[in-house]
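Visitor: Single-letter residue listing:
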Amino acid sequence: MLKNNIVELKNISVSFDSEKVLDNLSLEIQDKEFITLLGPSGCGKTTTLRIIAGFVEPDQGDVLFEGKKINGIPAYKRQVNTIFQRYALFPHLNVYENIAFGLRIKKLKENEISLKVKEMLELVNLTGLEKRRVDTLSGGQQQRVAIARAIANHPKVLLLDEPLAALDLKLRKDMQTELKKIQQKLGITFIFVTHDQEEALAISDKVVVMDSGKIQQVGTPQDIYNEPKNAFVADFIGESNILDGIMLDDYLAEFSGAKFKCLDKGFEKNESVDIVVRPEDVDIVEPEKGMLQGVVTSIKFLGVHYEIIVDIGGFKWMIQTTDGQNVGDKVGLFIEPDAIHVMKKSEYSGKYGDYSSYSEEIEHLSDIIEEDEN
Amino acid sequence: MNKKRFGSRLVAAPYYVWAAIFIIVPLFMMIYYTFTDVNGVFTLANIMQLGRFKKAFGLSILYALISTIITFIIAYPLAYFMTKIKISSQRLILLLVVFPMWMNFLIRTYSWITILANTGIINTFLGKLGLGPLQLINTPGAVILGMVYDFLPYMVLPIYTVLSKIDKSMLEAADDLGCNSLQKLRRVIFPLSLPGVASGITMVFVPSVSTFYITQKLGGNKTMFVGDAIEYLFNLGPDFYNVASAISLVLMVLILLCMAVMNRFSEGDEEGVII
Numbered sequence: 001m002l003k004n005n006i007v008e009l010k011n012i013s014v015s016f017d018s019e020k021v022l023d024n025l026s027l028e029i030q031d032k033e034f035i036t037l038l039g040p041s042g043c044g045k046t047t048t049l050r051i052i053a054g055f056v057e058p059d060q061g062d063v064l065f066e067g068k069k070i071n072g073i074p075a076y077k078r079q080v081n082t083i084f085q086r087y088a089l090f091p092h093l094n095v096y097e098n099i100a101f102g103l104r105i106k107k108l109k110e111n112e113i114s115l116k117v118k119e120m121l122e123l124v125n126l127t128g129l130e131k132r133r134v135d136t137l138s139g140g141q142q143q144r145v146a147i148a149r150a151i152a153n154h155p156k157v158l159l160l161d162e163p164l165a166a167l168d169l170k171l172r173k174d175m176q177t178e179l180k181k182i183q184q185k186l187g188i189t190f191i192f193v194t195h196d197q198e199e200a201l202a203i204s205d206k207v208v209v210m211d212s213g214k215i216q217q218v219g220t221p222q223d224i225y226n227e228p229k230n231a232f233v234a235d236f237i238g239e240s241n242i243l244d245g246i247m248l249d250d251y252l253a254e255f256s257g258a259k260f261k262c263l264d265k266g267f268e269k270n271e272s273v274d275i276v277v278r279p280e281d282v283d284i285v286e287p288e289k290g291m292l293q294g295v296v297t298s299i300k301f302l303g304v305h306y307e308i309i310v311d312i313g314g315f316k317w318m319i320q321t322t323d324g325q326n327v328g329d330k331v332g333l334f335i336e337p338d339a340i341h342v343m344k345k346s347e348y349s350g351k352y353g354d355y356s357s358y359s360e361e362i363e364h365l366s367d368i369i370e371e372d373e374n
Numbered sequence: 001m002n003k004k005r006f007g008s009r010l011v012a013a014p015y016y017v018w019a020a021i022f023i024i025v026p027l028f029m030m031i032y033y034t035f036t037d038v039n040g041v042f043t044l045a046n047i048m049q050l051g052r053f054k055k056a057f058g059l060s061i062l063y064a065l066i067s068t069i070i071t072f073i074i075a076y077p078l079a080y081f082m083t084k085i086k087i088s089s090q091r092l093i094l095l096l097v098v099f100p101m102w103m104n105f106l107i108r109t110y111s112w113i114t115i116l117a118n119t120g121i122i123n124t125f126l127g128k129l130g131l132g133p134l135q136l137i138n139t140p141g142a143v144i145l146g147m148v149y150d151f152l153p154y155m156v157l158p159i160y161t162v163l164s165k166i167d168k169s170m171l172e173a174a175d176d177l178g179c180n181s182l183q184k185l186r187r188v189i190f191p192l193s194l195p196g197v198a199s200g201i202t203m204v205f206v207p208s209v210s211t212f213y214i215t216q217k218l219g220g221n222k223t224m225f226v227g228d229a230i231e232y233l234f235n236l237g238p239d240f241y242n243v244a245s246a247i248s249l250v251l252m253v254l255i256l257l258c259m260a261v262m263n264r265f266s267e268g269d270e271e272g273v274i275i
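Chains A and B supply the protein sequences, listed in that same order. Numbering-wise (our numbering), the first sequence opens with residue 1 and increments by one. Numbering-wise (our numbering), the second sequence opens with residue 1 and increments by one.
Mixed in with the good hints there might be a few duds.
Claimed, not checked - No more than 27 Å apart at the CA atoms, straight line, and that leaves these computed lysine-lysine pairs for DSS-like:
id: 1; chain 1: A; residue 1: K106; chain 2: B; residue 2: K168
id: 2; chain 1: A; residue 1: K229; chain 2: A; residue 2: K269
id: 3; chain 1: B; residue 1: K168; chain 2: A; residue 2: K156
id: 4; chain 1: B; residue 1: K84; chain 2: A; residue 2: K77
id: 5; chain 1: A; residue 1: K170; chain 2: A; residue 2: K185
id: 6; chain 1: A; residue 1: K106; chain 2: A; residue 2: K131
id: 7; chain 1: A; residue 1: K32; chain 2: A; residue 2: K156
id: 8; chain 1: A; residue 1: K20; chain 2: B; residue 2: K55
id: 9; chain 1: A; residue 1: K116; chain 2: A; residue 2: K131
id: 10; chain 1: A; residue 1: K20; chain 2: B; residue 2: K168
id: 11; chain 1: A; residue 1: K107; chain 2: B; residue 2: K168
id: 12; chain 1: A; residue 1: K156; chain 2: A; residue 2: K116
id: 13; chain 1: B; residue 1: K86; chain 2: A; residue 2: K20
id: 14; chain 1: B; residue 1: K168; chain 2: A; residue 2: K77
id: 15; chain 1: B; residue 1: K168; chain 2: A; residue 2: K131
Derived by calculation from the structure, the hints in this document are not laboratory data.
Given the sequences, and given the hints that come with them, work out the whole structure.
Guide: As structure tokens, this is what we get:
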């Protein structure tokens, strides 16, 4: 397939106050794709977006738009539009005038503007609210005005900076579906920034996982989930049991004191590796039938399934199962070859351990703090 | 609950007392004097004869308008420029703007006399260059200058406060939607700063329209402004309190009208600007 890159970042580095925010980052974004920059706060995803928008100039590296270098071109001359995290609607203008803002700057005729605004209001389901002041709108409605205001200008690329972070969960899910629909209808490129991995998997064609100013992995949501490149990606996307292991030979790995058939090859003989096993890929069986044996140390009922923690030789596995167990039960673990994913050792090896200190509450809290920081 | 309410009332009490003694009571005294004659009998005569002060009202409003406009023209770019530089420089300029307010108002006005007088600093300097003495003091220009100089901080501060509070993402949104710097200023920054402009205009116009000191010292008592008229009448003695009160009351009504108009400008923006 012919590559059709609309935006290209080449060897971008940025520092703020001598702190490196982006470190030699390169990325190709194809026309008409829905791409998501995903990572924890401080990973550089928003900075990457702001470089494309023109709000940040890279210290090093080139930004290309449709193959042309656009370094130094001010934001107002770029053919991209942004949806800001807190929407940044103009409080002195009503809904109609907010959406018409970019069109007036372009000096369109009044009847063209009126047609365009009407079309946009229909697209985002806000017909009838033209005269409303933006601060009388709900969060979801403001979000829609922000979308309408941005796409009224027919940008070739729409940049979305955590646009759904301020919405409650249900509204957020609805808006995810709607954004995807709008993107397909308009046939333009969406570059979406989020720290919510579920959101990223749900709406993207391509996900770019970032951490400490570097791209960790680029791929489809399936790639990212099924074939994480390193311990960081495996830990950040979904739940994972990440173990130290040895690749004895092609298709044969050893971890937790046992040997397992797997589908991975191409490693050195006896190479030290990281092994990922997703909690939903482990079957609980009778202890004597299991490949590994352990003791259940905690159980949580989550509706669809149970989340149980099993201690195997001191390593706490998380397993999702539909069968209830009791704390203290001895169980066996059965793992199919295709459930095992082998990764090369990286700087992240050993940073993400087991589930011995796992607590849903703590994770939840850190999420809230993260949002506040933004 | 009750206790709390009592507590907060107690805290507010001194302010009520203050307001009653220094605002409400004088206001009623002014209204009383306006509508009574020397013997305390109700009359509209005081109001009726205000036509005699038509010219003073007109001049005061005209001068106040001119000085308010000039103050605005100086203050807005200054406040705007201040928001563009680094915080430490902003603080320094802010200090310089506020600095004259630490000095007594009368002394500040007096110092202009020594600068503008026929034997003052400027004319002495011009004389050394062989240029004739210019008539600077006792001119309309000197009065306007005095007003602008004295009231400039009251325009700069509210505008600066509002400008510096404008969300940066608003400016980025304007950039993003294609605004160049001028369009950004006209379509986003200026409209968003209107509440500050409105309170700046009010805070300069009100003291300008009622000042008597600046007009006397720098205008040379050649013309009578409203402030001068009030002062003059009060100085004549109790017999003239009634007319003086009438002028004050009418002036106050005019100012309130002007503030009402200004408030319409900034209407909708709940964030009041208070300094």
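Visitor: For every hint, state whether the structure bears it out.
Guide: Structure-based check of each hint:
{"no.": "1", "hint": "K106(A) to K168(B)", "in the structure": "holds (23 Å)"}
{"no.": "2", "hint": "K229(A) to K269(A)", "in the structure": "holds (19 Å)"}
{"no.": "3", "hint": "K168(B) to K156(A)", "in the structure": "holds (24 Å)"}
{"no.": "4", "hint": "K84(B) to K77(A)", "in the structure": "holds (22 Å)"}
{"no.": "5", "hint": "K170(A) to K185(A)", "in the structure": "holds (23 Å)"}
{"no.": "6", "hint": "K106(A) to K131(A)", "in the structure": "holds (22 Å)"}
{"no.": "7", "hint": "K32(A) to K156(A)", "in the structure": "holds (9 Å)"}
{"no.": "8", "hint": "K20(A) to K55(B)", "in the structure": "violated (69 Å)"}
{"no.": "9", "hint": "K116(A) to K131(A)", "in the structure": "holds (16 Å)"}
{"no.": "10", "hint": "K20(A) to K168(B)", "in the structure": "holds (23 Å)"}
{"no.": "11", "hint": "K107(A) to K168(B)", "in the structure": "holds (25 Å)"}
{"no.": "12", "hint": "K156(A) to K116(A)", "in the structure": "holds (17 Å)"}
{"no.": "13", "hint": "K86(B) to K20(A)", "in the structure": "holds (22 Å)"}
{"no.": "14", "hint": "K168(B) to K77(A)", "in the structure": "holds (19 Å)"}
{"no.": "15", "hint": "K168(B) to K131(A)", "in the structure": "holds (25 Å)"}
In this structure, the one hint that does not hold is number 8.
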